[in-house]
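Asks: So the protein sequences, as listed, match chains A and B.
Mind the numbering: the first sequence is residues 1 to 197 in my numbering, read in order.
Mind the numbering: the second sequence is residues 198 to 586 in my numbering, read in order.
These aren't lab readings, by the way, just hints derived from the structure by calculation.
Beta carbons are placed, not taken as given, at the ideal position from N, Cα and C, and that holds for glycine.
A hint or two may mislead.
Cβ-to-Cβ under 7 Å is the rule here; a few derived chain A residues that face chain B [what the hints assert, rightly or not]: (1) R55; (2) G57; (3) V60; (4) I61; (5) L69; (6) Q71; (7) F72; (8) P73; (9) Q75; (10) T174.
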Amino acid sequence: MKKEFKVIADLLPVNIRVLDVGCGDGSLMNFLREQKNIEVRGLELSQDNVQQCIRKGLPVIQGNAETELHQFPDQSFDYVILSQTLQAFYEPEKVLKNLLRIGKSVIVSIPNFGYWKVRIKLLFFGEMPVTKTLPNTWYNTPNLHMCTIKDLFKFCDEKKINIKKVIGVNEDTTSLIKKSNLEVKNLFSKLGIFLIG
Amino acid sequence: MPSLAGLFFWMNVKLENIKKLDVSKSLKLDCGKTISNFPLAYETYGKLNENKDNAILVFHALTGDQFVTGTNPITKKEGWWVTAVGPNKAIDTNKYFVICANVIGGCMGSLGPKNINPDTKMPYGLDFPVITIKDMVRAQESLLEHLGIKKLLCATGGSMGGMQLLQFCATFPDKAFSAIPIACSSSHSAQNIALNELARQAIMADPVWDNGKYVSKNVQPKNGLAVARMVGHISYLSEKGMQEKFGRRLQEKADYEFSFNADFQVESYLRHQGYAFVERFDANSILYITRAMDYFDLSKQFKGGLVEAFKKQNTKFLVISFSSDWLYTTRENKDIVIALNASGADVSYSEIVTDKGHDSFLLNEPEFLKTLKGFVDSMYEKFKNEKRI
C-alpha cells in the first residue's frame, strides 16, 4: 500500500460515500472499502484500469474527469479524492470547482514541484526534473500545470477555498503543513495532500 | 428447399416441442386489454444450484429468441449469443443457470400475432393487442416465479434486451442483484422510430401482407419482410465497419453487369440476410415488437423522469456501450449512467472502442467479453457472501 493511500485513508471517517476521480486500477478504492467500510465509486479513463476495477467488483465509470464530472449531482459524496492528477488537466481550476460541488470535502494530492531535488535539477543542471513522483520527460509528460505546495496554498487562499488540513509526505514520514512552516515543508515534501472544502 | 408454407407448418410442429410455460394469471396490458392463459416459450442453460443464487436472466433483442446459445432447435443455427454464453464463455453455463424467454408478440412459441385468437378461432394478425416493453417484462416475471427464483444473480440484454432490462429493474427493483444493460436506450429516439417505421412500411407495402391476414393463408410477405431486415442490418453496422467489410467489391464478377442484380458484395449480403430472415421470423411480429420499442420511454412512465425510475435500486449496474454504435449511441447509454448516478445507484460504465457498430455485442469482441466476465464473476462472489450473511 502506497504511503499516500494510507494518509488519505487516515483522513477519512468510516461508513461514508467516496468518489475516487482517476481511480486507476482501484487499489485505493479496494483499500477504503475493506478497511473503512466506505461506499466507493470511481471515475477512470483507461479501459484497462476500468476492467481491473470491474473484476474486483468495484463500481467504476469510464470517462474523462475534465469533461464528465457534470454527471455527478451536487454534494452527492461525503468526500471526493483526486490523487496526483490535478496537474494533468487543461483546466485544473474548473475541475477543482467541480470536485468541491460534488463532495462535501475534497482530498487533492499533488506531486510537489517545490521539492528540493526538483529545484536542484532545474537550478544546477538546467533540465526538467525527472523523479520518482515525476517519472516522465518534458516531451511525454501528461502534466500540463505543475505546481508546488505553496502554489496550491496560495490558490486556495485567493479562491477562498477552505483549507482544512495539509499533509506533506516524504518517503515514510508525514508532517502537518501550516502557514508557519510552509516554506520549509514546501522544500522537503515530495507530495502534498490537501483536505479542502 | 421446402416451400414456405411447408416450412411454416414444419416450424409450428417443431414449436410444439419446446419449453413453454402456460401463464395462467391474467395480464392487463398497457393498451388496456387483458391476456390470460397464454404460452411463454423459454429455454434454460446450465443448472440452478441449491442456493438458487446462480440464475442469470437474458432478455433478447428485436429478432432474437429464447435460444441464446448451443444450436437453435428450430433453425438449426447457432444461438444468437453463442459468443458470450455457454460452457467456459464469459457467462459460463458450467457455473451459471441462464434463462431466456421469447417475448410476447414474438414468434418462437410465446403468445404472438400468429397464434390463434380464441374469440375468432383464426390467427390474431392485427387483432393482436399492441404490446409494450413493460408488458413483455411483466409476462416474463411469471417465469421466475415458476422456476422458483426469488432474486437473480444478474439480468442482462443488449439493444431491445437492454430496454427490457431497464424496464425490469424499474418495475421490479428487488428482483436482480446485478444488471448489465448493453447498447440500449431509456427511450427510443426519433431516428430509432424512423428506422422502425421504415421496416414496418416495407412490410405493409407488400401486397401479400394483406393487413396482416396472410397468416391464415399460410404465406408470408417475404419481400417486405426482407427489406425490413435489410434496414435493420444497415443500422447494426458502422460506416467504417461496412466499408472495411465490403468496400466497393463486386460479388463474384469482374465488372459491372449493367443491370439491377446484386453486383456489389454489400447488396448480395443484404439480400442474403433479408431472405434468410423470412424463413425464421413472422412479419406481424416485427410490426408489434418494433412498435413496443418505439413506445418505450422509461422517463415518461415516472413522474420526475429517469432518476425517479431508478430511485429504489439496490441493483448493481454495469452499462456498456460501443464507440461506433450509431443506433444506440454512447451518449444515450451515458444518459442511463447519469440517471443511475443521480439516483445514487451503484453503477459502472464502460465504452468499448470498436468499429463493429451496434452488432458488437453479438460478436467476438475480446474487451467486451472480458468486461462482461469480470463483472458477472465478481457479482457472483458478492451475491454469495451477501446471501450467507
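Asks: Against this structure, judge whether each hint is valid.
Replies: Now for the hints, and whether the structure bears them out:
no. : hint : in the structure
1   : R55  : holds, 4 Å
2   : G57  : holds, 4 Å
3   : V60  : holds, 5 Å
4   : I61  : holds, 4 Å
5   : L69  : violated, 11 Å
6   : Q71  : holds, 4 Å
7   : F72  : holds, 6 Å
8   : P73  : holds, 5 Å
9   : Q75  : violated, 12 Å
10  : T174 : violated, 33 Å
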